[in-house]
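Visitor: First residue of the sequence shown? That's 1 in this note's numbering, and the numbers climb one at a time after it.
Where hints are given, some of them may not hold.
Derived lysine to aspartate or glutamate pairs resembling EDC-like cross-links, with alpha carbons at most 20 Å apart [claimed, not checked]: (1) Lys151 with Asp54; (2) Lys117 with Asp99; (3) Lys38 with Asp56; (4) Lys151 with Glu89; (5) Lys38 with Glu50; (6) Lys117 with Asp129; (7) Lys126 with Glu112; (8) Lys38 with Asp20; (9) Lys38 with Asp54; (10) Lys151 with Asp56; (11) Lys118 with Asp129.
If you're looking for bench data, these hints aren't it; they were derived computationally from the structure.
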Amino acid sequence: MSASQPLLDLTAGQVRRAVDGWHTVLRIGAVDHRVWSKEPPVLGASYAAELPFDGDFGPRAYAARRLWRAMNGRAPGPAFHQLSKQRRERLSAAIRALDAHSAGGSYRVIAEALFGKKRIPDRAWKTHDLRNRTIRLVQGGVALMRGGYRKLLRSGRRDE
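Throw the hints in and build the complete structure from the sequences for me.
Guide: Written out as structure tokens, the structure is:
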């Protein structure tokens with residue numbers, strides 16, 4: 001690491017204390033790197049990466065290598081995996097559906113907000129595809145809320 005590139009630039013808004021420790025967003029170039037530590041970070045201190053051999057070792061090692069490359073003035077490389085546009089749109093819809101459901105919205109009201117009122121039939125609602133799709137989106141949002149969001153960090157490869 002060069003002397004001109006400190007590990008942590010503690011400007012306002014980059015470090016946050018949480019119940020589990022300290023969370024830092026370190027921006028190097030155009031990439032945000034997220035760092036967690038048990039103790040508060042100290043400007044100018046040297047740090048080491050500690051990577052447990054668990055189910056998330058691969059993504060953690062990849063992220064650590066990207067951070068190391070960026071700190072040393074090299075291109076960090078691509079993110080571990082990219083979500084497709086369709087997957088991002090579905091996740092966004094699931095979170096919107098969850099938010100509306102948590103606020104007490106009916107499936108019909110949620111469907112109208114997501115798909116437009118004109119697409120929602122008056123009479124055939126109970127058997128309409130958009131009703132089933134709305135229910136699945138709410139269920140997907142609930143699953144994300146209950147910890148399923150962690151699966152987004154994994155590559156989705158079956159051999160890992």
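Visitor: Each hint needs a verdict: does it hold in this structure or not?
Guide: Status of each hint after checking the structure:
{"no.": "1", "hint": "Lys151 with Asp54", "result": "holds, 14 Å"}
{"no.": "2", "hint": "Lys117 with Asp99", "result": "holds, 18 Å"}
{"no.": "3", "hint": "Lys38 with Asp56", "result": "holds, 19 Å"}
{"no.": "4", "hint": "Lys151 with Glu89", "result": "holds, 16 Å"}
{"no.": "5", "hint": "Lys38 with Glu50", "result": "holds, 11 Å"}
{"no.": "6", "hint": "Lys117 with Asp129", "result": "holds, 14 Å"}
{"no.": "7", "hint": "Lys126 with Glu112", "result": "holds, 14 Å"}
{"no.": "8", "hint": "Lys38 with Asp20", "result": "holds, 7 Å"}
{"no.": "9", "hint": "Lys38 with Asp54", "result": "holds, 19 Å"}
{"no.": "10", "hint": "Lys151 with Asp56", "result": "holds, 10 Å"}
{"no.": "11", "hint": "Lys118 with Asp129", "result": "holds, 14 Å"}
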